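Q: Single-letter residue listing:
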Amino acid sequence: MNAESITTGDLAERLSCDIEGDQFLMLKGIATIEEAEPDQLTFLANPRYRKQLTSCRAGAIIISSDMEASPDIVKIISKEPYKDFRRALEIFYPVVDADIPAGINPGTQIHKTAIVGGNARIGAFVGISAGVTIGENCTIYNGAYIGQNVEIGSGCIIGFNAVIRSDIQLGNRVTIGDGTIVGFDGFGYTPDQGEYFKIPQVGTVVIEDDVEIGANCCIDRASIGVTRIGRGSKLDNLIQVAHGVKIGTNTVIAAQTGISGSTTIGSGVIMGGQVGVAGHIKVGDGMIVGAQSGVTKSVDIKGVISGYPARQHSVSLRRDASISQITKLMKRISELEAKVEGLLMELEE
Amino acid sequence: MNAESITTGDLAERLSCDIEGDQFLMLKGIATIEEAEPDQLTFLANPRYRKQLTSCRAGAIIISSDMEASPDIVKIISKEPYKDFRRALEIFYPVVDADIPAGINPGTQIHKTAIVGGNARIGAFVGISAGVTIGENCTIYNGAYIGQNVEIGSGCIIGFNAVIRSDIQLGNRVTIGDGTIVGFDGFGYTPDQGEYFKIPQVGTVVIEDDVEIGANCCIDRASIGVTRIGRGSKLDNLIQVAHGVKIGTNTVIAAQTGISGSTTIGSGVIMGGQVGVAGHIKVGDGMIVGAQSGVTKSVDIKGVISGYPARQHSVSLRRDASISQITKLMKRISELEAKVEGLLMELEE
Amino acid sequence: MNAESITTGDLAERLSCDIEGDQFLMLKGIATIEEAEPDQLTFLANPRYRKQLTSCRAGAIIISSDMEASPDIVKIISKEPYKDFRRALEIFYPVVDADIPAGINPGTQIHKTAIVGGNARIGAFVGISAGVTIGENCTIYNGAYIGQNVEIGSGCIIGFNAVIRSDIQLGNRVTIGDGTIVGFDGFGYTPDQGEYFKIPQVGTVVIEDDVEIGANCCIDRASIGVTRIGRGSKLDNLIQVAHGVKIGTNTVIAAQTGISGSTTIGSGVIMGGQVGVAGHIKVGDGMIVGAQSGVTKSVDIKGVISGYPARQHSVSLRRDASISQITKLMKRISELEAKVEGLLMELEE
Numbered sequence: 174m175n176a177e178s179i180t181t182g183d184l185a186e187r188l189s190c191d192i193e194g195d196q197f198l199m200l201k202g203i204a205t206i207e208e209a210e211p212d213q214l215t216f217l218a219n220p221r222y223r224k225q226l227t228s229c230r231a232g233a234i235i236i237s238s239d240m241e242a243s244p245d246i247v248k249i250i251s252k253e254p255y256k257d258f259r260r261a262l263e264i265f266y267p268v269v270d271a272d273i274p275a276g277i278n279p280g281t282q283i284h285k286t287a288i289v290g291g292n293a294r295i296g297a298f299v300g301i302s303a304g305v306t307i308g309e310n311c312t313i314y315n316g317a318y319i320g321q322n323v324e325i326g327s328g329c330i331i332g333f334n335a336v337i338r339s340d341i342q343l344g345n346r347v348t349i350g351d352g353t354i355v356g357f358d359g360f361g362y363t364p365d366q367g368e369y370f371k372i373p374q375v376g377t378v379v380i381e382d383d384v385e386i387g388a389n390c391c392i393d394r395a396s397i398g399v400t401r402i403g404r405g406s407k408l409d410n411l412i413q414v415a416h417g418v419k420i421g422t423n424t425v426i427a428a429q430t431g432i433s434g435s436t437t438i439g440s441g442v443i444m445g446g447q448v449g450v451a452g453h454i455k456v457g458d459g460m461i462v463g464a465q466s467g468v469t470k471s472v473d474i475k476g477v478i479s480g481y482p483a484r485q486h487s488v489s490l491r492r493d494a495s496i497s498q499i500t501k502l503m504k505r506i507s508e509l510e511a512k513v514e515g516l517l518m519e520l521e522e
Numbered sequence: 174m175n176a177e178s179i180t181t182g183d184l185a186e187r188l189s190c191d192i193e194g195d196q197f198l199m200l201k202g203i204a205t206i207e208e209a210e211p212d213q214l215t216f217l218a219n220p221r222y223r224k225q226l227t228s229c230r231a232g233a234i235i236i237s238s239d240m241e242a243s244p245d246i247v248k249i250i251s252k253e254p255y256k257d258f259r260r261a262l263e264i265f266y267p268v269v270d271a272d273i274p275a276g277i278n279p280g281t282q283i284h285k286t287a288i289v290g291g292n293a294r295i296g297a298f299v300g301i302s303a304g305v306t307i308g309e310n311c312t313i314y315n316g317a318y319i320g321q322n323v324e325i326g327s328g329c330i331i332g333f334n335a336v337i338r339s340d341i342q343l344g345n346r347v348t349i350g351d352g353t354i355v356g357f358d359g360f361g362y363t364p365d366q367g368e369y370f371k372i373p374q375v376g377t378v379v380i381e382d383d384v385e386i387g388a389n390c391c392i393d394r395a396s397i398g399v400t401r402i403g404r405g406s407k408l409d410n411l412i413q414v415a416h417g418v419k420i421g422t423n424t425v426i427a428a429q430t431g432i433s434g435s436t437t438i439g440s441g442v443i444m445g446g447q448v449g450v451a452g453h454i455k456v457g458d459g460m461i462v463g464a465q466s467g468v469t470k471s472v473d474i475k476g477v478i479s480g481y482p483a484r485q486h487s488v489s490l491r492r493d494a495s496i497s498q499i500t501k502l503m504k505r506i507s508e509l510e511a512k513v514e515g516l517l518m519e520l521e522e
Numbered sequence: 174m175n176a177e178s179i180t181t182g183d184l185a186e187r188l189s190c191d192i193e194g195d196q197f198l199m200l201k202g203i204a205t206i207e208e209a210e211p212d213q214l215t216f217l218a219n220p221r222y223r224k225q226l227t228s229c230r231a232g233a234i235i236i237s238s239d240m241e242a243s244p245d246i247v248k249i250i251s252k253e254p255y256k257d258f259r260r261a262l263e264i265f266y267p268v269v270d271a272d273i274p275a276g277i278n279p280g281t282q283i284h285k286t287a288i289v290g291g292n293a294r295i296g297a298f299v300g301i302s303a304g305v306t307i308g309e310n311c312t313i314y315n316g317a318y319i320g321q322n323v324e325i326g327s328g329c330i331i332g333f334n335a336v337i338r339s340d341i342q343l344g345n346r347v348t349i350g351d352g353t354i355v356g357f358d359g360f361g362y363t364p365d366q367g368e369y370f371k372i373p374q375v376g377t378v379v380i381e382d383d384v385e386i387g388a389n390c391c392i393d394r395a396s397i398g399v400t401r402i403g404r405g406s407k408l409d410n411l412i413q414v415a416h417g418v419k420i421g422t423n424t425v426i427a428a429q430t431g432i433s434g435s436t437t438i439g440s441g442v443i444m445g446g447q448v449g450v451a452g453h454i455k456v457g458d459g460m461i462v463g464a465q466s467g468v469t470k471s472v473d474i475k476g477v478i479s480g481y482p483a484r485q486h487s488v489s490l491r492r493d494a495s496i497s498q499i500t501k502l503m504k505r506i507s508e509l510e511a512k513v514e515g516l517l518m519e520l521e522e
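Protein chains in written order, with the working numbering: chain A, 174 to 522; chain C, 174 to 522; chain P, 174 to 522.
Watch out, some of these pointers could steer you wrong.
Pairs involving identical chains hold if they fit within one copy or between any two copies, as the list cannot separate such chains.
Dumping the calculated DSS-like pairs for lysine-lysine here, alpha-carbon to alpha-carbon at most 25 angstroms [as the list claims (entries may be wrong)]:
(1) 455 to 501
(2) 224 to 285
(3) 455 to 470
(4) 419 to 224
(5) 512 to 501
(6) 224 to 256
(7) 371 to 419
(8) 201 to 455
(9) 285 to 475
(10) 455 to 419
To be clear, the hints were calculated from the coordinates, so they are not data collected in a lab. Predicted, not measured: the structure shown is a model, and the values here were computed from it.
Chain A on its own, in the form it takes in the complex:
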């Protein structure tokens, strides 16, 4: 991707950061500590990578004041290096390429009753159905499908081969990743004499403003009522959100996690990858759920839960550590048994 060029001094000024070293070095992009060249910027936010500084060839680095770096590297002193790294990216790459040209590709099918807002970018082989309304400044990539009566706000991005089934509502600035399916029927059956009968899934999905969903996810429509993802929440790839789930605002969920039907996830929750959450339960606001946890019942405590079944993280750690003690315990018990047997024999004499 082509980057803008900017001098170290100008960059520091735009980031409102102090600078140590040459203010006139021309930077031509950003790269990792390992890969950055002398005309590139890098950053150090995770102390784990500190030792890579010794071999770093970058021209400049965004770094906190308490970290050391080679005197050859121009230092842009930041209180929050990761946040300033993000802002620097926006300076170097002000326009991230939309991947498809502006306008509506002729090789696409838009129903005559659909309304598409201004400044649209719609790829080839897209289907837009009857009664759809799409706001301004939306991008819909090749192969995507928008079902009947779907409402999409402004500034939305619908990924390649993504599917939005009928009657779904998307807010503004929503991103749906490539291959993600929104509004497929929930997994609902009733058993009857050993066979299973489908429960019609007549509900819908509401995805609020500023939600971003990754690739190849499944967000099922509710059986009745709504599956809802709250404003500002971010979902990674390959995530399953079952029918009737409610996710609060500004919640972040990592890849391959699955939320079972009718469960409520609070706001400001952080979930690791490959987490499983049982159906019909609640995960409280602000909770942190460790990767690969299995949350089997409602939980609303401060802090982190982990493990299967998920417990307070400190408890999980203690349990894990205690298992390592069992072998030693067995030895101590055997020794005690021998001693007690000895005592018993001695007393019998």
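Once you've looked at the hints, dock chains C and P against the given chain A.
A: Then chains C and P, alone, in the frame of chain A:
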């Protein structure tokens, strides 16, 4: 989705249920206990939601005779509320919209040797290859692909952007979810001096009558022979079924579960989400496998297994509980050691 | 799939194997031990299936010299039956059908600046963007999308509805499975006062020669720098490879595994299914990671790790076994306590 209207009395009669309260209340749809309005029906099948009855505004409720509800709500007394809820849905929503119009979309490619049965509904950008036969009343959504010589029965639904690779057979009334890939090559390689060489995957997949598969699943073709999903089985989203797997009849598998190669899953099995099953093993008929279990060897017992490695559920629970005892055990051992040391010293005196 | 015919004698000669029995039996295909007919070949590589030999109806079998089989079956004696099975497959099925016809389907969009090498096979509804270069002998299936400036080597296969986002590089003989998304934005956000702000993902993905990736995977582009999958590595279905991950050469990863951001997986690694690997860590060359493991920190030992958190497999097994001992330990401690109490009382008298 638009619902039919029906009076409480007519509904009770059609469900063969007793009724308590106004028989002439006109109902205009179904909603959850939380969301139902005074002109809507709701239901209570899971006692977990009982306490929501106090604030429920629904006009009528499907409920078992032993449950209490506000006298303001018309009660439709059911022995199996969840089953009658399903039947009520079919009454209120007799036609669930097919999402694409009837007929064959002109923006699609059907090979001249393919045979498509009557009353087909085929979307845009679909590919139907040479030698394909498709029964009557099938729906194939936009972007789907049907490979050479595939045989599809009647009443089948192939989801948006789903792929059925060549030589696969589908029975009648089969649903393949959006983005699901049926018949991709199994994952088979032989190592040779540190490199891996692909084993040709020349087998196929057979999906029997009334099987329903969710979205973004992968059902791999067998290396040789057949990958088979038995009649009436239901699979949720994001499921991996590897090459040569056999799944029996009326088995239900929740989202994100993976079945490794050449494994046989019995009939009437219920599997939770995110389960992993090792290759070349058997899971017996009628077993229940808890969510996130790891089934590492063949198992055929009555009842439920859970955990990693999967064990009888009661054993898993006991093991889990016993871990909580370790800290206490350590304390008891320390106390014992002190007492025994005391005894030993006393005797030495 | 149609198989070639070959006599047992010719087959043995082409595999450089000894033969026991009729050299002139005409074989018409390969099947499993259970399904093979008298005019078909089968093989026995996994001793687990040995007992099925008694009811095997195959005409011939590839088998090691130390295994017994019915005298009615022609034995092709192999030192490495699985490897010779693969070679036999290549003899019986010399051409595995490409599923779509040769040439470029007219219902596809190729940008005028894209360069497509000779002998291409490109399906319908494909998008090939500006600046793309594709080598010779490539197959691109229906519904796939190739983003701007993507470079694809020769002999590559891009699956149905697969997506290669802009600026990605693929080596030679690379396979990308159906529905797989390469180069979607990595999952990177910075929190600010309870909201999350996207970090532009301006890096890319490099997939080296002979890499094969299954269906419905997600290989994210790096934030900055490169997500890399090394030469000869093989990935199964539904796998998540996050931004900035580096995978070495000839590494094999089973289905539904997820690798978190910036993590490095060595060369010659074997990973089971549903493994989770944390971010910013390293898994050493040649390691074996058991299915469903959770790798939480860098690890570089000889042999196998398993469990959550992942430990040396022998340790995990010992811990697992020790948990089964807790109930017995509790009993032994209770007995000891009773005896010690008895001793104490006796001494007090």
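Q: Evaluate each hint against the coordinates.
A: Evaluated hints:
{"no.": "1", "hint": "455 to 501", "in the structure": "neither (39 angstroms within a copy, 31 angstroms between copies)"}
{"no.": "2", "hint": "224 to 285", "in the structure": "neither (61 angstroms within a copy, 48 angstroms between copies)"}
{"no.": "3", "hint": "455 to 470", "in the structure": "within (7 angstroms within a copy, 30 angstroms between copies)"}
{"no.": "4", "hint": "419 to 224", "in the structure": "between (43 angstroms within a copy, 19 angstroms between copies)"}
{"no.": "5", "hint": "512 to 501", "in the structure": "both (17 angstroms within a copy, 19 angstroms between copies)"}
{"no.": "6", "hint": "224 to 256", "in the structure": "within (21 angstroms within a copy, 45 angstroms between copies)"}
{"no.": "7", "hint": "371 to 419", "in the structure": "both (22 angstroms within a copy, 23 angstroms between copies)"}
{"no.": "8", "hint": "201 to 455", "in the structure": "neither (48 angstroms within a copy, 30 angstroms between copies)"}
{"no.": "9", "hint": "285 to 475", "in the structure": "neither (52 angstroms within a copy, 58 angstroms between copies)"}
{"no.": "10", "hint": "455 to 419", "in the structure": "within (9 angstroms within a copy, 36 angstroms between copies)"}
The structure fails to meet hints 1, 2, 8 and 9 from the earlier list, while all remaining hints are met.
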